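Novice: Chain by chain, the residues:
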Amino acid sequence: MAVTPSIDVRGLAYAYPDGHQALYGVDLVVGRGERVALLGPNGAGKTTFILHLNGILAGGAGSVRVGGLEVRQRDRDVLREVRRRVGIVFQDPDDQLFMPTVRDDVAFGPANLGLRGPELDARIDAALRAVGMTDVADRPPHHLSFGQRRRVAVATVLAMEPEVLVLDEPTSNLDPASRRELAEVLESLDVTLLVVTHDLPYALELCDRSIVLSGGTIVADGGTADVLADAAMLREHRLELPYGFDPRSVAGRRSGYGGARSTSTSAGR
Amino acid sequence: MGNGHAHLLFRHGDSLVHRLPAHAKVLALLGFVLVVVATPRERWGAFAGYAVLLAAVAAVARVPAGFVARRMVVEVPFVAFAVLMPVVSGGARVDVLGMSLSQDGLYSGWNLLAKGTLGVVASILLAATTDARALLQGLQRLRLPARLVEIAAFMVRYLEVVAGEMHRMRVARESRAFHARHLGHLRVVAQGAGALFVRTYERGERVHLAMLSRGYAGAMPVIDVRPAGSAPPALAALLPAAALAVAWAGAAWL
Numbered sequence: 001m002a003v004t005p006s007i008d009v010r011g012l013a014y015a016y017p018d019g020h021q022a023l024y025g026v027d028l029v030v031g032r033g034e035r036v037a038l039l040g041p042n043g044a045g046k047t048t049f050i051l052h053l054n055g056i057l058a059g060g061a062g063s064v065r066v067g068g069l070e071v072r073q074r075d076r077d078v079l080r081e082v083r084r085r086v087g088i089v090f091q092d093p094d095d096q097l098f099m100p101t102v103r104d105d106v107a108f109g110p111a112n113l114g115l116r117g118p119e120l121d122a123r124i125d126a127a128l129r130a131v132g133m134t135d136v137a138d139r140p141p142h143h144l145s146f147g148q149r150r151r152v153a154v155a156t157v158l159a160m161e162p163e164v165l166v167l168d169e170p171t172s173n174l175d176p177a178s179r180r181e182l183a184e185v186l187e188s189l190d191v192t193l194l195v196v197t198h199d200l201p202y203a204l205e206l207c208d209r210s211i212v213l214s215g216g217t218i219v220a221d222g223g224t225a226d227v228l229a230d231a232a233m234l235r236e237h238r239l240e241l242p243y244g245f246d247p248r249s250v251a252g253r254r255s256g257y258g259g260a261r262s263t264s265t266s267a268g269r
Numbered sequence: 001m002g003n004g005h006a007h008l009l010f011r012h013g014d015s016l017v018h019r020l021p022a023h024a025k026v027l028a029l030l031g032f033v034l035v036v037v038a039t040p041r042e043r044w045g046a047f048a049g050y051a052v053l054l055a056a057v058a059a060v061a062r063v064p065a066g067f068v069a070r071r072m073v074v075e076v077p078f079v080a081f082a083v084l085m086p087v088v089s090g091g092a093r094v095d096v097l098g099m100s101l102s103q104d105g106l107y108s109g110w111n112l113l114a115k116g117t118l119g120v121v122a123s124i125l126l127a128a129t130t131d132a133r134a135l136l137q138g139l140q141r142l143r144l145p146a147r148l149v150e151i152a153a154f155m156v157r158y159l160e161v162v163a164g165e166m167h168r169m170r171v172a173r174e175s176r177a178f179h180a181r182h183l184g185h186l187r188v189v190a191q192g193a194g195a196l197f198v199r200t201y202e203r204g205e206r207v208h209l210a211m212l213s214r215g216y217a218g219a220m221p222v223i224d225v226r227p228a229g230s231a232p233p234a235l236a237a238l239l240p241a242a243a244l245a246v247a248w249a250g251a252a253w254l
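Residue numbers (our numbering), protein chains in the order written: chain V, 1 to 269; chain W, 1 to 254.
No wet-lab data here; the hints were simulated from the structure. Here the structure is a predicted model, which is why all the values come from computation and not from measurement. Be a bit skeptical, because a hint or two may be false.
Stated by the list, open to error - Incomplete in silico selection of chain V near chain W, CB under 10 Å: (1) V78; (2) M99; (3) A159.
Stated by the list, open to error - Not close to chain W: a few residues of chain V, all C-beta gaps over 12 Å, as computed: (4) A61; (5) G87; (6) V185; (7) A225.
Glycine is no exception: its CB is placed at the ideal position from the N, C-alpha and C atoms.
Chain W on its own, in the form it takes in the complex:
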């Protein structure tokens, strides 16, 4: 209890982007990411163009920059890796601010950073404008294997339950004056994680039992599929199309 009620990634709104059907948005994201990934890393201008496109989508969806920035934290490990690349890579070296860096590594790092960031921001925008349920239905409409959609649905449903359990276990630990201060305490935390795993596993069995009791026979029933969204799905194609145009223009320019 006491957890936030809204999903962390979703932002309520009624913009054009919110009203697009989820499956169209998923396809648009996929198309956009493919164009970005296929762009040669030396085309600086093209990447700037992609960033402008995403900024435009964010503006239309009325998602503030701060909202996106806070959620970009997930990218940090990749950023760290990208920053390390120029230092550890071999090949021709260049001097930057008195440091001898690998030229190839610089390019690789930039490549990873630029493409990763664009992909993450695009995904955040999708998640911010599509609630979990619409997203699942979108995946279903895209004929993703039913099992995978079911697994994702259960994950969405039980994430907060498990997080709540984890939180209660931590509170109970700290209430008995335990604070993880050094590595030796890792054992306690690991035991907590083990207990949480067992509990989650047992819950899974109980959920299955409850499903069987209501006539589950191995396949989720297809309950009526609601209208996906009021905006014309073709509008979603604007993003990958514009990205393709940017890539093309960049290529023609050089």
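The following block holds chain V by itself, in its conformation from the complex:
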């Protein structure tokens, strides 16, 4: 392959210190600019997997490379660079937003990377503009609505100019309008995207490719429409489409996007 893949995971296995084995040999290559949904039932090891991508968890078997750089937990410089390259947006924005104002919070990541002054300001402004949250820069995070907080959480990671953006359950607790707005934001970004979700229509809307992780191994990997059409596989791994949703009746990402959008808009306020 000519271009270094964004994510290159080989034979990744991991057991927690209490002996619970979460991953049993995961292989995954995600090319630069790809948009991939990571699907799987609760307890499948999805969160464990994404925490390996930026070196929070390590020490099991196998290797993880991000943009060609091997994640080694002992090496501080490598770890810092890996955490710049992989931005993780966690499920609860209250966990992610801990500074007194939105601006300070967005500044936290790039400031940790050593940016100061006008360069830092430019990063903050660009990140907040990308998620449409420039107006709330000086407000405390807890004064924002849940949907706004989720978008600011995305901005805090974008400010580090990551190569890979990882979102853990981005649509949980969002109302349909916020869900659509977030989709528009994600659609506009020029990064490699890995979306961990139970929201299968969202995966179809945003990602060309889907991976199903179940019981610590990858059990399916293919085009999102094909993966979602495999009813037997979905049933076996406790994945369910919403009532009445037929993945073959809806066009996937890009083409026919407008149709899906008008549906979710009418469901909003």
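Starting from the known structure of chain V, fit chain W onto it as the hints suggest.
Specialist: Here is chain W on its own, set in the frame of chain V:
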């Protein structure tokens, strides 16, 4: 959700006191409290003078008396203690309204009440005119250890989150027809508190994880320090200086 959006203690305004830099106000408060505490308890006039000074600050800051009075509730346990002192203390007794009270206890109670109240009112005025963030930056400017400022910052940020969680837990309890009516119900409330502690602890771990993911390596980055306030900081010195003058005048008078 549904909690008030403004901080309980802060009152928006654009008075001279609001515009003073936070660190100057903190120092002024400290100076004022030191003068008050150092004043001998028999100097009635001096305490009246201090009260007038605080009233003047409140007037300049346009903080209404009711706003201050409602927030003085925190002092109640101390008031109770001060009221008890004349009853339980020993020494020479005096008769007041048919009760035999300890003279020393009366003085001690008054001492506690007067100094406590002045300190509380001064702190309320500081909090009413300085938002939490400016206060934190002020502490930072005063070279308070960074760790302490960070802990205070996290407290400010998560107080409402934890309070919201506590509120939801109570609503969930009451929705299942639970009302704490007698001491036996304390067990349920205590279990709730325990669950809240565990949840808060777990949240702390998740926050730490999110911090690590954004390159946190053990020290908060010093992000640009904004201008502290437009009013000249020396103005803040007026309060402790005036208090000192009152104390001095009181001493010279006697």
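Novice: Could you run down the list of hints and mark each one as holding or not?
Specialist: Cross-check of the supplied hints:
1. V78: violated, 12 Å
2. M99: holds, 7 Å
3. A159: holds, 9 Å
4. A61: The claim holds: V/A61 sits with its nearest Cβ about 23 Å from chain W, beyond 12 Å.
5. G87: violated, 8 Å
6. V185: Holds: least Cβ distance 19 Å, greater than 12 Å.
7. A225: holds, 32 Å
Figure legend: structure checked against the earlier numbered hints; hints not met, in rising order: 1 and 5.
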